[in-house]
Amino acid sequence: MLSSTMQSLELREQDLTEMGSLIQSRVVLEVSSQVQSLLDSLDSATLDIGVTGESGAGKSTLVNALRGLSDSDPRAAPTGVVETTAKPMSYPHPSLPSVQLWDLPGTGTLSFQAKQYLEEVVLERYDFFLLVASERFRESHAQLARAVTAAGKRFYFIRSKVDQDLRASRRRRTVGFEEDQVLAEIRADCVRQLEKEGVAAPRVFLISSFQLHCFDFPRLQVTLVEELDGHKRHVLFLALPAVTATAVRQRKEALQRHIWKKALLACLVSALPGLPLQLSVPMLLETLASYRRSFGLDEESLGGLAQVAASPLQRLQAQVYSALGRELSPVVVQDVLNKAALCGQAAAWLACTHLPVLENLVAGGISFVAAYALLHNALEGFAGDAQRVLEAAYGTGDGRALGSPCYPPDLGFLYG
Numbered sequence: 001m002l003s004s005t006m007q008s009l010e011l012r013e014q015d016l017t018e019m020g021s022l023i024q025s026r027v028v029l030e031v032s033s034q035v036q037s038l039l040d041s042l043d044s045a046t047l048d049i050g051v052t053g054e055s056g057a058g059k060s061t062l063v064n065a066l067r068g069l070s071d072s073d074p075r076a077a078p079t080g081v082v083e084t085t086a087k088p089m090s091y092p093h094p095s096l097p098s099v100q101l102w103d104l105p106g107t108g109t110l111s112f113q114a115k116q117y118l119e120e121v122v123l124e125r126y127d128f129f130l131l132v133a134s135e136r137f138r139e140s141h142a143q144l145a146r147a148v149t150a151a152g153k154r155f156y157f158i159r160s161k162v163d164q165d166l167r168a169s170r171r172r173r174t175v176g177f178e179e180d181q182v183l184a185e186i187r188a189d190c191v192r193q194l195e196k197e198g199v200a201a202p203r204v205f206l207i208s209s210f211q212l213h214c215f216d217f218p219r220l221q222v223t224l225v226e227e228l229d230g231h232k233r234h235v236l237f238l239a240l241p242a243v244t245a246t247a248v249r250q251r252k253e254a255l256q257r258h259i260w261k262k263a264l265l266a267c268l269v270s271a272l273p274g275l276p277l278q279l280s281v282p283m284l285l286e287t288l289a290s291y292r293r294s295f296g297l298d299e300e301s302l303g304g305l306a307q308v309a310a311s312p313l314q315r316l317q318a319q320v321y322s323a324l325g326r327e328l329s330p331v332v333v334q335d336v337l338n339k340a341a342l343c344g345q346a347a348a349w350l351a352c353t354h355l356p357v358l359e360n361l362v363a364g365g366i367s368f369v370a371a372y373a374l375l376h377n378a379l380e381g382f383a384g385d386a387q388r389v390l391e392a393a394y395g396t397g398d399g400r401a402l403g404s405p406c407y408p409p410d411l412g413f414l415y416g
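The sequence shown runs contiguously to residue 416 in UniProt numbering.
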């Protein structure tokens, strides 16, 4: 009888162990599902940008520039000296297809009617408008601005081709030419004309689509990001070309805010019973590939920048120093992951202390700390690479490297 009782207790203990494992698996799956849902909602946020304005103002060229493409790229919107857009055409961002730039038909013809025009292009479709003008302010700009404002939509007035304006002004003013003064005059005239039409506090930006790193494009980036909310702000941050050192730094910081979600998901997947550890490596590889594209370090992006900046591709490629920037493969990722695990050992105790649920995950599989360190240090390296590439292409930057060697990442978010 005693033997039977002991056997029964052993069976119960085994049942309890199996039940515990099952509960743990279900908890891990539930947490994984919730984290994946957060990431999906972030990555799938849609953004529709309407680019409108007078015929010949450079709308299509601006659309291409915002997508990081030259006009000669096969994926580029058609451009020309005459109006090439007869109906609204949607052009997805090369690496963020949920961001759509709409090249809208040109305005400024004798038959143009702003209200009818906005009805035809389906006003409600767009999150905001870029109203593009060149050379001088026209009545069609005023009509379009009033109609967009009356419909409750935001618009940003883009004075394009300012590089051409500066060259023309330099030829006329052989003595006493000052670039800043000419730009201030152009900006003030646009603001005055819009205010005269009843537009309060108009946002005016002077831009050259062939020199996005110059003039007001960085200020436009900051304004757009500040005035969008939530996930749309995030995808716009990643979609607009990072053509200055400041933009690169801000992009790095935006991505760093979500590293913990990516690291936690990879960690949870590696901890699920019955699933091979290698499943986490492709997940991390995909994340790293998206980071690299975001900084314009993949082969396609570097080729596009070489065309836009008229810079030799080999010169740009030579500025990529980080191991993951040069090559992304499962072998390289696993190697860097192993090094990141050693690099993050000093922080593992903090992770277990402040988030006890991570205790088992840190002990086996791909630990949260190792995955976090991998992604954190990869972003630092990519940002440094991106700044060097920009300096080689445009001569921009503040001379400070953004990358840093491997070190235990800041786990301050664990404290709330």
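Be aware that one or more of the hints could be misleading.
Taking lysine-lysine and the BS3-like style, the derived pairs with C-alpha atoms no more than 25 Å apart in a straight line are [stated by the list, open to error]:
| id | residue 1 | residue 2 |
| --- | --- | --- |
| 1 | Lys339 | Lys261 |
| 2 | Lys261 | Lys153 |
| 3 | Lys196 | Lys232 |
| 4 | Lys153 | Lys196 |
These are computed hints drawn from the structure, not numbers from a lab.
Predicted model, so just to flag it, every value in this text is computed and none were measured.
Status of the hints after comparison with the structure:
Pair hint Lys339 plus Lys261 holds up; C-alpha atoms about 21 Å apart against a cutoff of 25 Å. The suggested pairing of Lys261 with Lys153 is violated, with an alpha-carbon distance near 34 Å, which exceeds 25 Å. Distance restraint check for Lys196 and Lys232: the Cα-Cα separation of roughly 32 Å exceeds the 25 Å cut-off, and the hinted pair is therefore not satisfied. With a C-alpha separation of about 19 Å, the suggested pairing of Lys153 with Lys196 holds against the 25 Å cut-off.
Of the numbered hints given earlier, the model fails hints 2, 3; all others are met.
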